[in-house]
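Student: Position chain B relative to chain A; hints supplied.
2 protein chains.
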Amino acid sequence: MPESTAPPVKTVTACIVVIGNEILSGRTKDANIQYLASELGALGVQVRECRVIPDIEGTIVATINEVRRKFDYVFTTGGIGPTHDDITADSIAKAFGVGISEHPEAIARMTRHYGDVALFTPARRRMARVPHGGVLVDNPVSVAPGFQMENVFTFAGIPSIAQGMFQAMKHRLVGGDPVVSRTVRTNLPEGIIAEPLGALQKRYEDLDIGSYPGFRNGKISVSLVLRGTNDARLASASAELMVTLKKMNGEAEEFVQ
Amino acid sequence: MPESTAPPVKTVTACIVVIGNEILSGRTKDANIQYLASELGALGVQVRECRVIPDIEGTIVATINEVRRKFDYVFTTGGIGPTHDDITADSIAKAFGVGISEHPEAIARMTRHYGDVALFTPARRRMARVPHGGVLVDNPVSVAPGFQMENVFTFAGIPSIAQGMFQAMKHRLVGGDPVVSRTVRTNLPEGIIAEPLGALQKRYEDLDIGSYPGFRNGKISVSLVLRGTNDARLASASAELMVTLKKMNGEAEEFVQ
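The listed protein sequences derive, respectively, from chains A and B.
So in this note's numbering, spot 130 of the first sequence is number 130, and the numbers just go up one at a time.
So in this note's numbering, spot 69 of the second sequence is number 69, and the numbers just go up one at a time.
Just chain A, same shape as in the assembly (with noise of 0.2 Å):
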């Protein structure tokens, strides 16, 4: 338990929201989402709910309007490009019901970027449309920006982009207290660990505890993450864990993230 002295911890919330049919019928896998919650989480910023939902303007002014009001922040991913099917920055314009049109700025850097006045089609003039109010997030790979509608952050899909926009705007967060993890890798099996696993939960409720079972060369290989924003009792947490692994004559390894 936090001693009765320590101050609040400060919690700062995410949602990621992948918009993309091409996810959903399992055309590609998503790269996005452990991109964004491992940046965030190192910035105080903890992801507690991802959503992918389809290329439909509906079921993204539903969600955007859902979990815009849930999460602190909300990053959306995809549907930002220049072809019939990136609806959305209109979907978005629509969930905080504004218009949306061209943005100057962004209007200036593409006019740049494509020099040529033909490169610059009207297809691509719709990637410089921006909600109202809106401000915009650079692109540093491909120019055409994504934009910021309050605590709404709005990204292109392909992964490279997604993460330089993401590098782009980061300075703009403001994080909780940072969460950190330890890590103890153990050979001994889940079901033979449990019980002082829990009891260990229990002594230690200001942390998160979780056991990610799996194999390495084979071999079961359990993963006990510990995770919580007070390093001191992370690695209190961590040395009696060590210990009990060792009297059950387990391997117990000590990662620090």
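No lab work stands behind these hints: they were computed from the structure.
Treat the hints with care, since some could be wrong.
Remember, identical chains collapse to one label, so a pair may be satisfied in a single copy or spanning two.
Here are the simulated DSS-like pairs of lysine-lysine, each with C-alpha atoms no more than 25 Å apart in a straight line [what the hints assert, rightly or not]:
| id | residue 1 | residue 2 |
| --- | --- | --- |
| 1 | Lys219 | Lys29 |
| 2 | Lys246 | Lys219 |
| 3 | Lys70 | Lys94 |
| 4 | Lys94 | Lys202 |
| 5 | Lys10 | Lys70 |
| 6 | Lys170 | Lys10 |
| 7 | Lys202 | Lys10 |
| 8 | Lys202 | Lys246 |
Tutor: For chain B alone, coordinates are given in the frame of chain A:
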């Protein structure tokens, strides 16, 4: 447009709920969504939404109760192991308003598997607990079963086990008209093909035409994916698209899946 004499398309929908803090923290990359989405698609079950949620009872209960009413099928992965953080089975019992206890057949299977009573620990016995009314889903990998509650199927999170469970129960699913797809790959950028592509989508409202930009050997490569239930319509739209791209001096290669 579909001909007026065509039978109505039978659509069967699904939602995948990934339960696990380790995905939300970015520690682990989800590997179940793509597998399940592809397999379900082949059976005529269309995944319409995915959610990734934490190991928190209230969130699991609320999510399951929302999506089991909204979609024909729900598939959950994660949280049915032997440790304290495995709370999926209890949460699903709560969502359905039923009790939970050891399932005799699950106990019988696991007793056979562990042989020695000392190995069949209380923690492992937890994995034999099934919400009342639940039907077992076989686990061909590590014995401890998943279960079905009405239209909700609960699988383990480890990909090999989730896949084994899916294969073991997929005959229980009743799919709709299978969605088939054709992919046309081109080297023309989206900003150039967007207009004729949008026009094609308008002429083929019964198909879902998606445009997925990417890179191949460092060069632009756009996959145009046509999806629908009527193969003749797909073939016709795809042929039109090939002609259009070639007229624009682009490469056009068709893949039939």
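Student: Evaluate each hint against the coordinates.
Tutor: Right, here's what the structure says about each hint:
1. In this assembly of identical chains, the alpha carbons of Lys219 and Lys29 lie at most 25 Å apart only when taken from different copies (21 Å versus 28 Å within one copy).
2. In this homomeric assembly, Lys246 and Lys219 come within 25 Å of each other (Cα to Cα) only inside a single copy, at 18 Å, whereas the closest approach across copies is 54 Å.
3. In this homomeric assembly, Lys70 and Lys94 come within 25 Å of each other (Cα to Cα) both inside a single copy, at 18 Å, and across copies, at 23 Å.
4. For a Cα distance limit of 25 Å, the shortest separation of Lys94 from Lys202 across copies, 22 Å, qualifies, whereas the shortest one inside one copy, 46 Å, does not.
5. Proximity of Lys10 to Lys70 under the C-alpha cut-off of 25 Å is restricted to the intra-copy arrangement: shortest distance 16 Å within a copy versus 35 Å between copies.
6. Only within a single protomer do Lys170 and Lys10 lie at most 25 Å apart by alpha-carbon distance; the minimum there is 19 Å, versus 45 Å between protomers.
7. Taking the shortest alpha-carbon separations for Lys202 and Lys10, only the intra-copy value of 22 Å comes in at or below 25 Å, while the best inter-copy value is 50 Å.
8. Taking CA atoms no more than 25 Å apart as the test, Lys202 paired with Lys246 passes inside one copy only; the shortest distance there is 20 Å, against 66 Å between copies.
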